[in-house]
Structure formats: structure tokens, C-alpha cells
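Participant: Spelled out, the chains give:
There are 2 protein chains.
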Amino acid sequence: MKTIDVCLSPELMHLYDVRNRTVVVVDILRATSTMVTALAHGAESITPFAKAEECLEMKYRGYITSGERDGKKIEGFSKGNSPFEYMDDQVRGMKIAFTTTNGTQAIEKSKEAKEVLIGSFLNLSTVVKYLLLGENNVLLVCAGWKGRVNLEDTLFAGAVVEKLKDYLGPDCDAPLAARHLYNQAKGNMIAFLSESSHVKRLNRLNIHRDFEFCLTPDQYKVLPKLKNGVLVI
Amino acid sequence: MKTIDVCLSPELMHLYDVRNRTVVVVDILRATSTMVTALAHGAESITPFAKAEECLEMKYRGYITSGERDGKKIEGFSKGNSPFEYMDDQVRGMKIAFTTTNGTQAIEKSKEAKEVLIGSFLNLSTVVKYLLLGENNVLLVCAGWKGRVNLEDTLFAGAVVEKLKDYLGPDCDAPLAARHLYNQAKGNMIAFLSESSHVKRLNRLNIHRDFEFCLTPDQYKVLPKLKNGVLVI
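As you go down the protein sequences, you meet chains A and B in turn.
The opening residue of the first sequence carries number 16 in the numbering used here; numbering runs sequentially from there.
The opening residue of the second sequence carries number 16 in the numbering used here; numbering runs sequentially from there.
Treat the hints loosely; a few may be bogus.
The list treats identical chains as interchangeable, and a pair is accepted whether it falls inside one copy or across any two copies.
To be verified - Using 20 Å as the maximum straight-line C-alpha spacing, the simulated DMTMM-like pairs for lysine to aspartate or glutamate come out as follows:
#, residue 1, residue 2
1, Lys124, Glu26
2, Lys240, Glu59
3, Lys161, Glu26
4, Lys201, Asp186
5, Lys215, Asp186
6, Lys180, Glu210
7, Lys178, Glu210
8, Lys215, Glu227
Hints in this document: simulated from the structure, not taken from any laboratory.
Make the full structure from the sequences, and use the hints.
Facilitator: See below:
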């Protein structure tokens, strides 16, 4: 039986050998949800950057510059990190340079993996089907918040583990914990997450609409994949 | 309101400033359960060692040498890591030198804290009362398994967070996750943990009795505390 494991924070990545695994990077609020949205709406590619300065430079090469620090749009950037900014014709056919507090850092730390995918509730079933048919063991990497564990990424990991439980065995306790939390939360994830620290942070920024959208399963059927350092579908 | 946080793995300790906090180190299966048992049965002190060789040297200074690697007693040591080895008169008045795969390493990483306590289900209520009356913010440090998160330490952290929820506020998502898991598990922790990786490991070693004992709340009223690198009550 293939195995599935969950890395609850990028700070724990050194404990996992990713070279033979399919890694799914998860940053539900909001980096990976926004990446899925942009590619579903016709963006040609997304290049993740860990550093904001390097990302901004790409403006002069015709890229849309996108991202946030601490949940807010970065000065000089074209767009922030809300999925609703990536739904119109502006993004169609465009290349996007993207940097966020947690999500793009998690992608950077996953680069040694056999393959790197982008997961979110918005493309949940597509991710699950791909992992089910794939040949590799799986590691779900939660982006967390500045190294700390967060609930929303853990819930997504739990959803994937739950849906694959008859096909991929847990390799450790983290997938079991994530699955238990998901099963407890799935009836009303919005209520379950209302206490969480990042949701409180986002609500202060007045982006409750983003929060609800990012928790909606299966809005899109795209599966972003890292190829030569660039995300494409 | 004082805060309470949970560090789910010693590998995440660098994310927390412990200098002004009370740290509770947790290694339910079995280091901190065994330490509580030994001190409750009259051991004078327990000196934790990260390295087995240094621990073994203490034999020549009259210490009982105790501990395990990968769940098994270490060659040349007087005792292993089962609480049942520390209940007789042999330990009364004795100094113990102790090393384990995860628990003593977590103590080592907590040494900068304002105070370091030892927690287990066996002394749960005593820990909770002390934290309630104390003045410091609290960090519960789960020893985990070789850096990875485990369920049993997370459940203990969740029990403490749950019992203090009206008095200490969560500082992050990890205490919320731990509390949710504890509330889901508390009706039957043994069944809840039966899938967990460490319980399977221990069952292979034929120590199911240890597992059941270590999950029993409030067998003892002792509160081990680190003083000059040595645990005493």
C-alpha cells in the first residue's frame, strides 16, 4: 500500500525524505487557493518567489506581480492575495510572479520532491483523484503561519487523508490527527475555523468573503504542477 | 488573560520565546509518565541526559541508570522506561540518571524557560492547578517521536488546554487543534490511540499494560520541576 504523510509545518520538512514522493503544498488562506483560481481563469503560469524584491523585479519582464506580507498587498505590486482578484480577463494568458508569507516559502522547501502539486479545497477532488492514480508515496505540506501549525491547512490535509483512507496508509500520527480534525469539522468548517488565529487575522483585514470562498470544495478542476520552478496546469 | 500555547514537536521550539514562560514537557509514552511515577514512589531526584553514554557514566556515582532507545532498555543500564519498574522500594531515596529517545531531548531544549515542569496524565490535575495559580504564560512542549508530532502527547496538551480554557487563552492554532482532538478522544482514549504509530510500536514490544497505565489520569499528586538541571518534587 502506498503511504500518505502530513508535514504540519515547513519547519519540519527536514524530517521527511521527499525525493521519491509527490508533495502537495497547501496554503488554504490564501496562497494555494489563489494560485488555483488564477490558473483556472487562464493564467499561463505562476512563478513562486520566496523574496518580495525578486518578485517585484519581474514587473519589468511583463509579469503580473502578486502577493502579500502579513495578509496585505505589497507596495508596488499589481495584485494582492485574494482569489477574487484573479477571476477576470486581466489574468488570461498572463505570467504571474507570486510571493506570500507562507505559501511560496513552503513551495521553495518542497523543490527536491519528485513532483510538486498545489492543493486547495477549490481543487480538492482533482488532487485526490491524481494521488489515487499516481505511483508515488504522498506528503502533504501545510504552509502554516510563520512556521507554526494552523487549522485550515491541517483540515485540508485531513480531507485528503480521509478520502484516500482505503488506498493510502498513514505513515505517522500527523495524518491521523488531521483526519480526526477534518471529520470533526466537516459539517461546518466555517464555524469550526472561526476561532482560529489566521481567520481572526483575516477578519480584521475585512476579507471574510475570501475565507468562505477558500473553504468551498471543487470549484475548479485544475491541478497546478511545478515544472522547472514554474507552476502550470 | 494569560496565554497557553502548544509546541507540537521539539523541532519547533525555536519559534517560541520560552524565557518568560512556564514550560511543561510531555512524553506520555513513556518518559514523563515514568518520571512522575519514580518521584511519586520516593526517588530523590532524576537527572535527564540527552546522551546515553553520559547517562551510563553516572552508574559509577551511585545513580540508578535508566532509559531507552527506540522503546527498548539500553545495554548496561539498570532499568528501562516502564513506570512499573519504578514502583518498588528500590527507587526510594535514590538518584536516577535518565535518558530517552524523545522526552529527555525535549527537556534539554526547554532549559532556557523560566521554569520547567514534567506533565503526564498520571499527574494531570496537579499540573493544571499549578498552571492556573501561576503567573506565567504557559507553553506545553510535546516530545513527539524523533521530531514528528504524535497523538498521545497532543491529547495530553489538549486536556490541559480544555481544563484551563476559562482562564488561559490560546495563543495560536496548535492549542485549538489539541483541544479538539482531546474532546473527540476523551470518552475512550485507548481506542482513539489504538491506530497511533507509537502505540503500534509499543504493542510490538509487548507493553500494552504500560500504555493503559500511562493514560490513567491522576494517579499521583507530584509535580516534578527542573532545578539546576535536576528534576525534583
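Participant: Each hint needs a verdict: does it hold in this structure or not?
Facilitator: Going down the list of hints, with the structure as the test:
1. Lys124 - Glu26: both (9 Å within a copy, 16 Å between copies)
2. Lys240 - Glu59: within (12 Å within a copy, 59 Å between copies)
3. Lys161 - Glu26: both (9 Å within a copy, 14 Å between copies)
4. Lys201 - Asp186: neither (23 Å within a copy, 24 Å between copies)
5. Lys215 - Asp186: Between copies only: 12 Å across chains, 32 Å inside a chain, cut-off 20 Å.
6. Lys180 - Glu210: Between copies only: 13 Å across chains, 28 Å inside a chain, cut-off 20 Å.
7. Lys178 - Glu210: Result: close only across copies, 17 Å inter versus 25 Å intra.
8. Lys215 - Glu227: within (13 Å within a copy, 39 Å between copies)
Against the hints set out earlier in the document, a violation occurs for number 4 only.
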